[in-house]
Structures are given as structure tokens and as C-alpha cells.
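A.B. asks: So the chains spell out like this:
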Amino acid sequence: MRELVAQYLSKSISRRTFVSKLAGTGISLAAAQSIVESVTPLVYGQGANQIPPEGVKIFQGTGAEAFAEQLIASGVEYVFGNSGSQDVYFYEALVDRPQLKYILTPHEGPGAAMAAGYIKASGKPAMVMQVAVVGLVNAMGQMYNSFKSQTPLVFYTYRADRSTTAGRDGFEEVAYQEEMVAPITKWRWLARRPDMIPETVRRAFKVAWTPPYGPTYATWHGDYNRAEVRAEVIVHDKVDPNMRVRPNPREVERAAQMLVEAEQPLLNVGDEIYKAKAVDKAVKLAELLGMPVAQTSQIFSSFPENHPLWVGRLRSVGRLDFPKNVDVAINVGNKLQHGSPSLIVGRDIKFIDMRIDSNSMGNVITTDVPLVSDVAYGMDDLITAVESLMTPKLRAKAKQRIEQTRAFGEKARELSALVTKNPYWDQSPMLAGRVTYELTQFADENAIIVDETESAGPKHLFGFNPLGGREYIRSHAGHLGSGVGTAAGVKLARPNQQVICMTGDGGFIFGPTALWNMARLELPVIVVVYNNHAYNGPHNRAFSNLPNGRMVETGHFVHDYLGNPDMDMAYIAKGFGVDGEVVESPDQLKEALARARKSTRDGKPYLIDAQVARPSTLWADNPWTPPISGAKMRTRKV
Amino acid sequence: MLARIKVAGALLLIGSCLMIPALAFLQQQGSLAESMPEGKGGEMVRTVCVACHTLDTVVTRSKSQQSWRATVNDMMGRGAPLSSSEADTIIDYLGEHYGVDSSPASVSSDPPGKDVVTAKCFQCHGDAYYKHVRMSQREWEGVMYRMVGRGALWTEEEINQMAQYFGQVYGPDAP
Ligand SMILES: Cc1ncc(C[n+]2csc(CCOP(=O)(O)OP(=O)(O)O)c2C)c(N)n1
Ligand SMILES: [Mg+2]
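Protein chains in written order, with this note's numbering: chain A, 1 to 638; chain B, 1 to 175.
Part of the chain B face toward chain A, derived, beta carbon under 8 angstroms:
(1) Gly79
(2) Tyr145
(3) Val148
Worth flagging that the hints you see were computed from the coordinates, not collected in a lab.
Even for Gly, the Cβ is constructed at its ideal location relative to N, Cα and C.
With the hints as constraints, model all of the structure from the sequences given.
C.D. replies: Given below as C-alpha cells:
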């Protein structure tokens with residue numbers, strides 16, 4: 001038997017042969033299995049924690065095993081994938097590497113959204129693994145979302161063409177497969193040899209996780225997965241350039257000077273603050289200067305909205321209700337995406353821009369002081385510099401601004417609360433705003449809201465607070481069908497917090513398959529579908545672009561009505577193993593939410609299909625649908 | 001056909017250009033131009049600003065000097081070719097003749113509530129969207145409260161005034 005173990009350890013015999021030979025020595029199969037379990041770790045011997053202190057080890061085995069080893073060394077715990085024939089060598093490698101867990105996702109889009117949600121909520125790496133080009137194209141919507149939202153999601157798909165036959169228009173072969181993703185990845189690469197798999201994987205993680213974050217894509221010929229390789233596996237720390245850089249001290253001095261001299265400074269916050277876990281520093285900086293805080297919307301909410309200095313969402317500085325006379329604005333960590341020609345920060349305002357994403361600085365808005373840095377370090381340095389300049393007089397001024405802002409905030413809260421006075425507040429089907437309002441009343445104090453809705457009313461009444469209160473995570477950057485998947489991933493990362501997913505019927509039906517993952521993995525999320533049986537947003541845009549057009553005149557909108565027949569999302573959920581119900585009125589909604597809470601406490605997800613009115617312009621009671629009928633076209637009733 | 005379609009409320013969005021038949025349009029713009037007080041700033045408004053939008057978006061408003069400055073800066077951000085001294089000339093002119101104390105050109109015959117609408121709604125979007133909608137005052141009130149849900153900070157009194165105005169000017173029987 002000793003001989004057998006030695007053979008197995010030296011890899012001269014396979015696992016299967018080892019088991020059968022053990023059984024042949026008279027040992028029971030169960031006992032043989034348990035011997036294998038105890039010996040196997042020695043064969044691979046490479047859990048991440050077994051990599052020597054210098055962080056580099058030589059691995060010998062199949063390409064797929066080397067791939068798995070490098071994922072572990074790169075800190076990956078979850079792989080979100082869909083099955084492919086050339087990845088079987090990888091699945092094989094997982095059997096004895098329980099620390100690397102595979103989550104089978106039945107559609108690549110929601111699967112990748114799940115990975116993205118997991119990353120957003122955990123700050124840890126994950127991997128999306130799809131089948132060749134055919135699976136890749138389904139995952140690309142989330143690749144786009146990750147690119148726009150700067151989420152470090154790593155994708156791998158193999159090439160279906162073998163290295164020995166590529167170039168002959170073989171099955172599923174597409175030339176330059178890796179170039180398909182060029183405009184929506186930070187980096188993409190084709191491994192040139194099987195032993196370059198770990199190196200390629202390493203670089204994919206290194207680039208994705210070097211700020212500003214973004215998706216990367218690695219690929220190689222499928223046959224490399226079974227080739228025998230000898231290659232280095234290296235822990236992530238050893239290849240991470242650690243781009244947590246401090247800003248230029250001279251620029252910090254200038255910024256501090258500008259801020260203390262300002263009559264009315266303003267701070268705009270953004271995702272880099274959330275990602276750097278530096279919300280407390282933003283609070284400190286704002287309080288030090290008595291500086292009101294706003295946010296141009298992004299993926300996260302990056303400042304406590306119950307703070308006296310919070311003034312709300314920023315479309316452009318000139319349009320804020322308060323403060324009115326901003327002379328110095330500082331942006332920390334916001335990408336400042338310009339969707340209209342109007343400048344977010346006008347030319348007459350002095351502008352300090354602090355972020356690691358130097359690429360997007362100065363593109364539209366002129367910058368007086370650029371502070372390229374990790375925002376946590378940047379704010380540390382800026383706080384120190386401002387503190388050194390503060391005089392009693394400046395402190396008094398800051399205090400006064402805090403009081404003024406507090407007064408505005410109180411007034412704003414009062415006026416926001418008027419939303420309940422809507423004459424249609426209690427109607428059925430419900431106002432979208434009513435559904436959101438009920439959620440703001442229902443959600444746990446530290447709930448995580450995953451949002452895929454557009455205009456669903458008073459979300460500001462949630463009072464988001466990333467410092468231990470409710471958190472906001474937007475599921476997408478334009479590509480819909482990400483809400484359910486993202487919420488599932490968020491719950492996987494944060495099992496001890498309530499997770500509520502808000503999505504429209506249109507958004508939901510682009511990607512409901514992650515419900516099945518919620519059911520299977522026991523991820524108790526509450527999903528609320530705002531079901532107006534329509535694409536309300538696109539309807540509005542048709543009307544606003546062509547108010548005098550033929551569509552408006554005739555009511556023939558071909559593009560926006562999802563009814564006839566109405567989709568029953570609770571019924572769809574049941575098909576995926578998730579319980580749920582349809583609700584029509586606010587009272588029913590409240591009762592359903594109570595049932596949802598009970599269900600999630602019992603470890604089960606729950607879906608509420610909330611019937612929502614189509615309140616926008618020119619919605620017929622019974623909207624027109626194009627008169628296309630296959631049944632009527634028939635000449636034979638088959 | 002239009003009557004068949006239920007107009008149940010409007011979600012106000014940033015509007016696009018108005019489509020007014022060409023001749024009527026030119027006549028209207030001509031008389032607006034004539035109504036403008038003399039001044040270098042006025043001349044620049046008639047040449048630079050109209051390259052992109054109609055005169056009525058300027059001369060039917062009244063704003064503080066500060067607010068005009070914000071508007072002009074915004075326009076420069078959108079590509080209005082003005083030097084800072086030219087911008088100052090325009091801002092001074094608009095602040096003087098279209099300031100908060102002066103009444104805008106068309107206000108005299110307008111029903112009450114118009115100034116509130118001008119001050120509140122135009123902060124974020126133009127009138128192209130709601131101009132074509134016809135609804136009751138109650139339905140308009142519903143719209144106003146939905147805007148509150150989207151972050152608009154208005155008092156009940158302002159909301160009532162606006163709903164009343166819309167109910168009158170864009171009511172079910174309005175042309
Ligand atoms: C994958 C994808 N396809 C199409 C669109 C275009 N699109 C933008 S909004 C929208 C409608 C969304 O409908 P729903 O989620 O029901 O929200 P509602 O507009 O009804 O509020 C569509 C189809 C998109 N953003 N993403
Ligand atoms: Mg919808």
C-alpha cells in the first residue's frame with residue numbers, strides 16, 4: 001500500500017487507478033475513498049496557503065489544473081460559469097480543490113451579473129467562465145456594465161478551435177475572438193502556450209484589480225486545458241503594483257488653500273470613495289470645512305444621506321437647490337459622466353478633482369487642481385493640509401455653513417415627505433413611487449438595496465448610509481437584465497444583511513434565471529418587480545422626441561407595451577423554485593412584504609410582482625398591439 | 001383617434017425642439033426681438049444665443065443676475081462661443097432687463113402660477129414635453145407630486161399653484 005501511495009504521490013498513477021488498486025488490496029471502497037481524501041492534498045499540495053512565503057511555486061499538471069491553482073493564488077473563491085466541453089479538465093481539477101467553488105449559472109448574463117454583484121458587495125475577486133465564443137457573447141452585456149461601472153470582473157472563455165487546427169473555420173471558430181471585447185475591457189489576451197495559462201490569468205487579475213478597476217478577458221485554445229504543463233503559480237500580492245498612490249504634495253497644498261479661501265465650497269462624492277472604504281474620510285473632510293456634499297449618481301451611494309451636510313443628487317452645480325453660490329467645487333472619486341451638453345461644474349467655478357481615474361479627468365470640465373491619487377490617501381493628505389491652515393475664524397465660518405446646510409436639509413426632508421400627498425397615492429394599480437415608499441418603510445436599518453429601476457420615485461427616502469446603514473448598489477450601467485443576478489451575488493457576499501432587489505418588468509424579464517441560483521444556493525433575497533407591463537421609459541422618450549408625430553396621433557406605439565398577454569412574474573418565479581405573489585394595492589403590498597420577510601428569515605428568496613400604473617402620457621387603457629397573428633395566417637390548422 | 005387615448009398624466013422629461021410652422025415662427029421671433037430693450041448685450045443675445053435656441057427661451061424668463069450668470073456659464077459649457085467679457089455684457093443686460101423685478105415679455109396676460117412654473121420646472125427641463133399634454137387639474141397635481149418623488153423640493157402652495165396653472169392652460173378642453 002505504501003508503494004501505491006508513493007506512486008500516486010509521484011503522479012505515476014491516476015486517482016482512479018489508485019482507488020481501484022487500493023480496493024484490490026482488500027480495503028473497502030469507503031475506506032479507499034477516505035485514504036484518497038487524506039492523501040490528495042499532498043499530491044497537489046497547493047492550497048493558496050501552502051505557497052511558500054516568497055509567493056512563487058512551480059506547479060506541474062494539466063493546463064486546467066494550473067489554471068485552478070492560479071485562481072486560488074489570485075484569491076478567487078467563486079467561479080461563475082456555464083458548461084463547456086473543453087473546460088471539463090477544469091471541473092475535474094475542482095474535485096480536489098474544495099476551496100475553489102463553482103456556481104453553475106443557467107444564463108451567462110445573469111451569471112456574470114451575479115459575479116459582479118459579489119465583487120461589488122465583497123470587494124473580493126471572482127471569475128466568470130463561459131463556453132467559447134458562444135457563451136462569451138451572452139456574457140458581454142455584463143462585461144459592458146462592468147466596464148462602464150469600473151468593476152474588476154475577470155472573464156475567461158476558451159477558443160473552440162484547437163491549437164492544431166485553428167484557422168480552418170472549424171466548429172464555433174471565430175478569428176480574433178479576443179478582439180470582440182476590445183472596446184469594453186481594460187485588457188484582453190490570448191495565451192500563446194499551455195504553460196502560459198497561469199501567467200495569463202495572473203495578468204487578467206492584476207489589470208482588473210489595478211485602479212481604476214475594470215473587466216479583463218483571458219482566452220486560449222481549449223486543448224491547452226488538457227496539455228501537461230510545468231509553470232509558476234504566483235500569489236496575487238507578488239504581482240499587484242499596489243497602485244494606492246498619494247497625491248502630489250504641492251497640489252495638495254494648493255487645493256487646501258483654495259478650499260479654505262472659498263466662500264461656498266461643495267464636495268461631490270463618487271464610487272472610488274466607496275471602493276476605497278473611505279466614506280469616513282469624506283465625512284471628516286466635509287465637516288472640517290463645513291462643506292455641503294452632493295453626488296452625481298453612480299453605482300454606490302458614497303456618503304451618509306442623514307448627515308447634516310448632505311444636500312442630495314447633483315445634476316449640475318448650478319442647478320442645486322442648495323448651496324446656490326458655489327465658488328469652489330471638489331470632486332472626490334466620481335467619474336462625472338456627462339450625458340448632456342450641460343457642464344456638471346460650470347466654467348466660473350474653481351475645480352479640484354481627486355481620483356485615481358486620471359483618464360477621465362479634464363475631459364470636459366477644466367481642472368484647477370488635479371489630485372491623482374487613491375482617494376483614501378488623497379483625503380488623508382488633504383485633511384492634514386487643511387487642518388494646518390484652519391484658524392478660529394475659518395472654523396467659525398465652517399460651523400456657520402454646517403448650520404445653514406442643516407437648516408436646508410431639514411426643510412428638504414419636510415418637502416420630500418409631501419410625496420404622500422399625491423391624490424393618487426392609494427390607487428391600484430399602484431404608483432411606482434408608492435411601492436418605493438413602502439420599501440423605504442419596510443427595509444431593515446442595514447438593508448442593501450440593489451436597484452435596476454429608472455424612475456421609481458422617492459429612493460432618497462431610504463436615507464442611504466454606507467457607514468453601517470442602508471446601502472445602495474445599482475445593478476447596471478445601462479445594460480438591463482442584471483438586477484436579479486446582481487442581488488444574488490450581493491447576498492452571497494453579505495449573507496447577514498437583508499437584500500432587496502428593485503427591478504422593472506422589462507429589466508426583470510431580460511434576466512430572471514438567477515432566481516434559480518437564489519433558490520438552489522439558498523440566497524434569501526426579496527425581489528420586487530415594478531410591473532407596469534410596459535417599457536415606460538422608452539414610451540416617454542417616444543413622446544418627448546415626437547410629440548406631434550404619427551405615433552402620438554394614432555396611439556400605434558410598437559415598441560413599449562409588454563401586455564396582451566400580461567406576464568405573471570410570480571408564476572415565472574415559481575418555475576425557478578422561488579415563491580412569490582402578485583399584489584395590486586398598497587395594503588396587499590404591505591402584507592406581501594411581511595410574508596417576504598418571513599420567507600427570507602426561513603432562508604428562502606421571495607418575489608413580489610407589484611402591479612404598477614403606467615402614469616405617463618398617452619397610455620391607452622387598452623394599448624394597441626400590432627395585428628400580427630400566426631393563427632390567422634394559417635391556411636391549415638396544424 | 002386621439003380621443004380614444006387616455007391621457008393619464010405626464011412624466012416630465014427634458015424636452016426637445018418645438019416644431020412651429022416656419023412662417024408663424026419667424027413672425028413670433030421677429031416681434032420678440034423688437035420687444036427687447038436697446039443695448040449691446042441685447043444685440044449679442046439676438047446673434048449668439050439664437051444660433052442654438054429661440055428667443056422666447058430668453059425673454060420670457062426673469063431671473064436674478066446670479067442666475068443669469070449660471071445660465072450663461074452653462075451655455076458656454078454647451079459650446080456658446082463667448083469670451084468672458086462678452087459673457088459679462090450679456091449677463092449685465094439680462095440682469096438689468098430680465099431680472100427678478102422686471103416682468104417678462106409675456107407675463108401680463110398669463111394666468112396665475114406661470115411664474116412658479118417658470119421658476120420651478122425650467123430649472124431642469126423645457127416645456128416641449130408637457131405642452132402637448134391635456135389633463136385635469138387633479139391629474140396635473142399627481143404629476144407634481146411624482147416630481148416631488150423624483151427629488152423636486154416644492155411647497156404645497158407652489159404645487160397647488162402649478163397644478164392650477166396647468167389645469168387651466170393644459171386642461172382637457174384646452175386647444
Ligand atoms: C439589455 C437592454 N436592452 C434594451 C435596453 C433599452 N431599454 C432602456 S429602458 C428599457 C425599458 C425597461 O423597462 P422596465 O424595466 O419595465 O422599466 P420601465 O421603463 O417600465 O420603468 C429598455 C428596453 C436596455 N437598457 N438594456
Ligand atoms: Mg416596466
